[in-house]
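Visitor: So the protein sequences, as listed, match chains A and B.
Counting with this note's numbering, you get residues 1 to 116 for the letters of the first sequence.
Counting with this note's numbering, you get residues 1 to 113 for the letters of the second sequence.
Be careful, since some hints might not be right.
Calculated cross-link-like contacts (lysine-lysine; reagent style DSS-like; alpha-carbon spacing at most 30 Å) [to be verified]:
no., chain 1, residue 1, chain 2, residue 2
1, B, Lys11, A, Lys111
2, A, Lys108, B, Lys57
3, B, Lys11, A, Lys73
4, B, Lys70, B, Lys57
5, A, Lys55, A, Lys73
With beta-carbon atoms standing in for the labels, derived distance ranges [unchecked claim]:
no., chain 1, residue 1, chain 2, residue 2, range
6, B, Thr26, A, Glu15, 35 to 41 Å
7, B, Thr101, A, Thr20, 22 to 28 Å
8, B, Glu14, A, Gln8, 35 to 41 Å
To be clear, the hints were calculated from the coordinates, so they are not data collected in a lab.
Bear in mind that the values here come from a model prediction, so they are computed numbers and not experimental data.
For every residue, glycine included, the Cβ atom is placed at its ideal position computed from N, Cα and C.
What follows is the residue order along each chain.
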Amino acid sequence: AQTVTQSQPEMSVQEAETVTLSCTYDTSESDYYLFWYKQPPSRQMILVIRQEAYKQQNATENRFSVNFQKAAKSFSLKISDSQLGDAAMYFCAYRSSGGSQGNLIFGKGTKLSVKP
Amino acid sequence: DAGITQSPRHKVTETGTPVTLRCHQTENHRYMYWYRQDPGHGLRLIHYSYGVKDTDKGEVSDGYSVSRSKTEDFLLTLESATSSQTSVYFCAISEVRREDTQYFGPGTRLTVL
């Protein structure tokens, strides 16, 4: 079974600085998808970024980018120019490309604090 | 934001009572999902639907049932609520063209006393 591990329960960053959140996963599959979701205090789960495993190029969305290392099964999220509104829980998630449509597997999350 | 609403947003109930949570979408997406979120566990899939009247179990389906009689509505029922079902429940949807990518509703906080 696939697993997703976020080894940093909490992280802190100074406003305007850069922070990297770590995620590793375990799978025997070669084709899959990876995601980062943000959950602010409002509790809403917000999709931050999506990566297709068969694509070598790292996904980027404005200030958010990933470092996808397929061989190492690593999928870290880099937040540049951190803003106070980036403070939230961040969840890494894995989804197989085949099989059950519902099979989105989440890590336990990293709580990010942003200091002014 | 994806057009997903959940009702109620908060509910307190007694052990042994039935509870139904509703997820409503205005996106006409084919796939719908129910997750629960508990401290230390992240989100875990309860049930999902791949079309009207087509549903299947997820990782933590015991004690829950679902129904989908219309594309836009996906109901989650706790037939006899227990304290272990105190949690935050999220509905999610995804479309056929990009069914891997799920968008979430605002969540329902359920407390079972």
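Visitor: Hints numbered earlier in the text: which of these fail when held up against the supplied structure?
Guide: 3
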